[in-house]
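> Following the hints, put chains U and S in place on chain B, whose structure we already have.
Protein chains in written order, with this note's numbering: chain B, 1 to 550; chain U, 551 to 889; chain S, 890 to 1171.
Some hints could be false.
[Claimed, not checked] So these bits of chain S aren't anywhere near chain U, every CB distance computed over 12 Å:
(1) S947
(2) I1030
(3) V1062
(4) P1138
(5) K1139
[What the hints assert, rightly or not] Computed, partial: chain B to chain S, Cβ under 8 Å:
(6) W248
(7) E250
(8) L257
(9) V304
(10) K390
(11) A476
(12) T477
(13) T478
(14) Q493
(15) M506
(16) D508
(17) R509
(18) G512
Hints listed in this document are in silico derivations from the structure and should not be mistaken for laboratory results.
Beta carbons are placed, not taken as given, at the ideal position from N, Cα and C, and that holds for glycine.
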Amino acid sequence: MNVRLRRIANRGFTGASVLSVVLLTAALLIILGPMLFKGTTAVFFHGTVEFRKVQLHEFSRGDPAALAKEIAATEKAREPIYRLLDEFRRGIDTGRLEGEARHVYRELGKQLKHRKGVGPEERIRIRRFFRGLRNTLIDAYECTDKDEARALLKEVLSHAQDERLAGTVGERLFRMARDYQELLETFDLGKREEYAAALDEVQQAVRNLFGPEAGKSKVGMPPEDRFGAHRMDMVRRYADDLLYAETWVEVEKGRPLVKKRIPREEQFAGTTLEPLFGLFRDNVDAMFRPRFTVYWQYFLDDAVPGHYFGGVGEEILGTLTVTALAIAFAFPLGVISAAYLVEVAGDNVVVRFIRMSINTLAGVPSIVFGLFGLVFFVMLIQALSGGAHKGECVLACALTVAVLVLPVIIRASEEAIRAVPNSYKEAALALGASRLRCFVTVQLPAALPGILTGVILSLSRAAGETAPFLFVGAAATTDPLWEYAAWDWPWQQVQMLSYGAYDVAMNDRIAGMVPHQQWGMVMTLIGLVLILNILAILVRSRVSRKLRGG
Amino acid sequence: MSQSPEDSDRRAAAASAGFDRPLLLTPREDLLGYVGSLTGRAGLFLIAASSVLAVFLIFVFIAREAFLFFIQGETPAEIAEFLWNRVCEVFGSTAWYPEQDPAEYGMLALIAGSFYVTFGSVLVAVPLGLLTAVCLSDIFPFTLRQVAKPVVELLAAIPSVAYGFFAVMLVKPWLQETFGIPSGANVLNASLILAVMAVPTIVSVSEDALTAVGRPLREASYALGATRAETMVRVVIPAAHNGIIAAVILGMMRAVGETMVVWMAAGNAKQIPHPWWDLTESVRTMTATIAQEGMDTARDSMHFHSLFTIGLILLVFTFVLNTLSEFLLGRMKFRGAKP
Amino acid sequence: MRIKARWIVAGTLGAILVAGVLAGSLGAAEKESLLVQGSTTVGPIADAFADAFMRKHSNVSVTVKKTGSGDGAKALIDGRCDVADLSRFMKQEEYTRAVEKGFLPVAHVVAMDGVSVIVHPSNPVKALTTGQIRAMYRGKIANWKEVGGTDQEIVLYSRDTSSGTYETIHKLVMDKKKMAPGVEYVASNPDMHKHVSTTKAAIGYVGLGFVDEKVRALRVDGVMPSSRTIVSGKYPIARPLFMWTRGFPKPGSLIYAFVTFHLSEEGQEIIEAKGFIPVTNY
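Chain B on its own, in the form it takes in the complex (with noise of 0.2 Å):
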């Protein structure tokens, strides 16, 4: 053959070979690069005042004196929005308006309850009569007409002295009525319909940014309406919904629609509210007073349902207590195993069979060792329990994924055991141990280093299995377990940092909303079995360096 086709192809295959590792560099890089910068961002952060005000209720972090002041500043710059909003608003939010028609017949039940003097079948003719005002009230409210709504108002107001509603919240109705009244002859009907839809979004963006307003916080809200936007990227992303309308407009008949931004100066031209998103846009900084965070507690953290705000804290001590309790049963039957296999075993059949076990363990995939541990761990605490205990909590994990690991610690023990010189075992043998002692006092502590290696990675690899827990006591929200007594813990379910990653990735809604926590889960995982396995390679490199200095 030609001599420079052959010198081409040998570079050619060079090249290739090169490439590969190249590609493999790259590919471990676009991995865990993203993941690992945007988990960053978890603890690393702007934060603004509403951050340090959940560290202080949730928490109780933070210097209360310091932080109300914060408040107080910040309260002072937003006033001017929500005093815009508010003006705009009674002219528009019929949605509020009829909220508040409703309460008021709520309080006026209540009320009528404990009056004196009025029988119960009187109350329900009271309260029947007043729910026809209401809804003729709200019919007002929608209506589009003026000439309807002024009659139907009338119709509301012509019952304005009714004696059996004097004294009563019921009264408010009839002021709600003429306020009504008075707006309706200052404003244009026809063009409410479009400013409501941009109005509640703008109110949901100045929530999502705000937090509900000041002593307006209830206590059942769930978390991620109790406080405003607390980390700046968030404020960034509810300003975009604040400061710009986004619609999808047809631009050829066809074809997808295509997103559409409008200024929301623009969408609210010549009203009042024009100059709220000028008001906004200043003044940022005073609203929010970002500052950066370094949030390290969210290691120790517990996260609210939803993981809207706090840590990872709890679903790092389950995934830890699941892979200490494993390698505490799989470590003991690990390494006397290797023993038996190194120092007792002959080479005949039943060894060939266990070997033989050995490889194809190592070799079941982990979704079936999690069918294999709901059907006998699990039905096994369960029938200890007598049917008193589900089966799946912390222990039936522990055991199943102790299964998993079992050939890992097995070949690395049995490597490390066979690595020992054997001029260590004669020596002592000749000096008069017996095998047992020779093998617990020379051999094993030479080759510690080697099994601490297979440990380590084995506690890395059962750290980041999820398939094995997803039937035998991994749960997306349950109790932390420092909640409950130690000698408890093993029969809970637990949160796990692997399972966590998956459901917090594609079953939690809420988590879609903070991205940074889904990423800063991934993070640790990722970063705890890094720094598991650069441990064991460094251990590795002891290991080899001392067996081959001698």
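Quick look at chains U and S alone, frame taken from chain B:
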């Protein structure tokens, strides 16, 4: 003549070290020692046999649940007929509707899904892994090897859920935007990620195989004037073919057994892609089916047993692959042993 | 001398471990616990209820698992959970199995929901009939242009078969017929939302509480899903959301408080905040 003080010292030291006993054991001590060592060995054997017990239990319990899926009926004739129908349905039909009334348990689409994803990943992983192994064993100097090996090991260490996260958050939109594929959760996505996961296994086993070939064969080839490429391709790799095939099989096992990545990124449509070469279609693998439906199914329902059947199929398949790879690795070690 | 150092280190670690165990046990208290399991649609409501409960009573622990309506029912029957969230009524087999196990399951309607059919916001199609949706999911209509959209292959998403949301669609839209094999399956409502909001040619369905500006809800048979159309019965794919218990819970017990929480004002506000419709639309 012995001097008394040193003598008694020596005797005391000997006594404390247990050397004051006569060298000959009494029959009782001998017997006890023998029994002791026997029990010790038996104990060790039992503990070592725990892995056999584990494998046995796994097979038994999974097969027991799957058994109830296949065996129903009173007379042997009924049982045989039911069994035959079931087997035909499982391996012949692509309709997997276990919660429908009447339920259909055709697993062909699921098996095909696993096959597609595995085959796709092996297609990418084998060249990549083999070339990397060649690089690590023959081309790179020691220092570069010390850098490259940790890279490969780190790739192996990343948890599968992190790979799945990456696949669904970053690869899926990338596929949709760059290539205009309607849905980014498909065979292509899952295969790429599984390939990256399988490569470390292939690299480490292949590297062992290539190194085991030894210097003499390589030197002979170079002496005859071959270039490095020709040596590797025509001499070393064929000599190491046992180990390399074992490596491929182990990589395949890793891909088949993987759950999280395919659950999150393969789309979960229970179909065989049509046309058969369209890798941008979504599939569902056996492992994803078990993961998805295992959490929701009632214990002791037929659906539950069908999931264990899938588990059994997986178990048997990986067992066969494992045995094959062990056999090949054994041959490799035998071949590579110096005479 | 090296050995001594090692033993000191090991001893200290052991002491810390023991101290930690003891400290943990000291800090524990007896807790009343409740396990709620089931639908991913009712899940957010249960989560919020659990959170509110645990805030009000510090010795109460509520665990919520969202594994699908089917598993919730099974867990309740098997005794593995205390309250089951279901986004559909119990099937006959489930009911009979419960009776066999010795109790009568009781349904508590906590909210109303409308299953919204959603598409990507860039999709020009704004309305479909139930017949068209059925044809799409059976594979008879394969391209958006056949229903007035762009020339794109339809990407169908569905929930898995144990989901109550799926059952609703199955009963009210699919007429109990099977879906085509090419349908991609997602595991939960948020997952469906994520896929449809990032796939231009997608169509899927979620509970009303999961519709936001990233997806668009279609008019079905001319009716847009909203609280008014669902409560009045105009919207064709409406359903109640249930919490089931074993028998009627004893008044004053934790279970009773949990399943009647939706009747309180706080509960109603939580339900509304989650995007569902409180049953007493006061």
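> If a hint holds in the structure, say so; if it doesn't, say that too.
Status of the hints after comparison with the structure:
no.: 1; hint: S947; verdict: 31 Å, holds
no.: 2; hint: I1030; verdict: 15 Å, holds
no.: 3; hint: V1062; verdict: 16 Å, holds
no.: 4; hint: P1138; verdict: 23 Å, holds
no.: 5; hint: K1139; verdict: 27 Å, holds
no.: 6; hint: W248; verdict: 5 Å, holds
no.: 7; hint: E250; verdict: 6 Å, holds
no.: 8; hint: L257; verdict: 5 Å, holds
no.: 9; hint: V304; verdict: 6 Å, holds
no.: 10; hint: K390; verdict: 5 Å, holds
no.: 11; hint: A476; verdict: 6 Å, holds
no.: 12; hint: T477; verdict: 5 Å, holds
no.: 13; hint: T478; verdict: 4 Å, holds
no.: 14; hint: Q493; verdict: 7 Å, holds
no.: 15; hint: M506; verdict: 5 Å, holds
no.: 16; hint: D508; verdict: 6 Å, holds
no.: 17; hint: R509; verdict: 4 Å, holds
no.: 18; hint: G512; verdict: 6 Å, holds
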